[in-house]
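> Sequence:
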Amino acid sequence: MSAPKVAVLAFEGISPFHLAVPSLVWGPESPAGDMEPWPLTVVAVRPGRLTTSAGYAIEVPAGLDALAEADMVVVPWWSDPETPTPSPVSTALRAAHERGALVVGLCLGVFALADAGILDGRAATTHWKWVETFRRRFPSVELRPEELYVDEGDVVTGAGATAGIDTCLHLLARTAGQVVANRVARRIVAAPHRPGGQAQFIELPVPAPDEDPLTQVMGWAQAHLDTPQSIDRLAAQAHMSRSTFTRAFRARTGTTVHNWLVAQRLARARHLLETTALGVDAVAAQSGFGTSARLREHFAAALGTTPTRYRVEFAGGG
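Letter by letter, the sequence shown follows residues 15 to 332 of this note's numbering.
Check each hint, because a few of them may be wrong.
Stated by the list, open to error - In silico SDA-like cross-links for lysine to any residue, where the CA-CA straight-line distance does not exceed 25 Å:
(1) Lys143 <-> Thr229
(2) Lys143 <-> Thr319
(3) Lys19 <-> Lys143
These aren't lab readings, by the way, just hints derived from the structure by calculation.
Can you build the whole structure from these sequences, using the hints too?
Written as structure tokens, this is what we have:
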């Protein structure tokens, strides 16, 4: 099988890091040993000079017409998730996808794929910080914000920043095999394989205090994670019926009360593991999981790691 031709979309103000990730894994500088480098072309709406977000300029050799020859089209980033993608970009992305090219969105580049309609009715992920914006703008997409990358076959999406490396390594493994992908990962000092279902390590936002009863209850629950919680108890705190509370909660958060509480408890446990010397049993108690066994079970399911390994990796900001 010949190496796929890759087109990477650039634009004025693009992040150099995000633009570099596909080249690092697949391009002529890829440390893949005897693997044939994937022909990689950077394209823009028009060829010519672009200024990156770091302030220096790059020369882009090709325009959007180059997408017509690409086997894989990558949108590695986008500058403003609130601004619709320019029509020529959306048209070119749709045409490439309809022709059979694999289309990849990384980080905020997933917004460009959604703008083009390529993600309608499909599952996708994106950077955790822009989850609510994405849900508001693209309700027809099944967003999976907890995942590093989502592979839908002809469309692949990756979450923020370094998850782009995981996504590109996954695609390299899909095409050239896991041995080659592992070799590249070792040489660029990246994790050899992180499954797409592994959670993004994210900070969960704390609700701002105001007069909204639901917000107040969420804040109260966060302050009392070490005590038993239930839908009935929280609904009573909000002075709502159980059914009204559950509907309002899902509308506000996009998830269930149970899943939200588990996420909050995981966030508390992560914080304690990062910032204290408490034993795992004490962390389990203070985060509301009760036992270290339940804490380990939830860490394995949500984060793909153990509390002890998490502490080694993240304590002290490491």
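> Are the hints correct? Go through all of them and say.
How the hints compare with the structure:
This hinted pair checks out: lysine 143 and threonine 229 have alpha carbons roughly 19 Å apart, not beyond 25 Å. At most 25 Å may separate the alpha-carbon atoms for a hinted pair to count; lysine 143 and threonine 319 meet this at roughly 22 Å. Among the hinted pairs, lysine 19 with lysine 143 is inconsistent with the structure: their alpha-carbon atoms are about 32 Å apart, more than 25 Å.
Comparing the model with each numbered hint stated earlier shows that hint 3 is the single one that does not hold.
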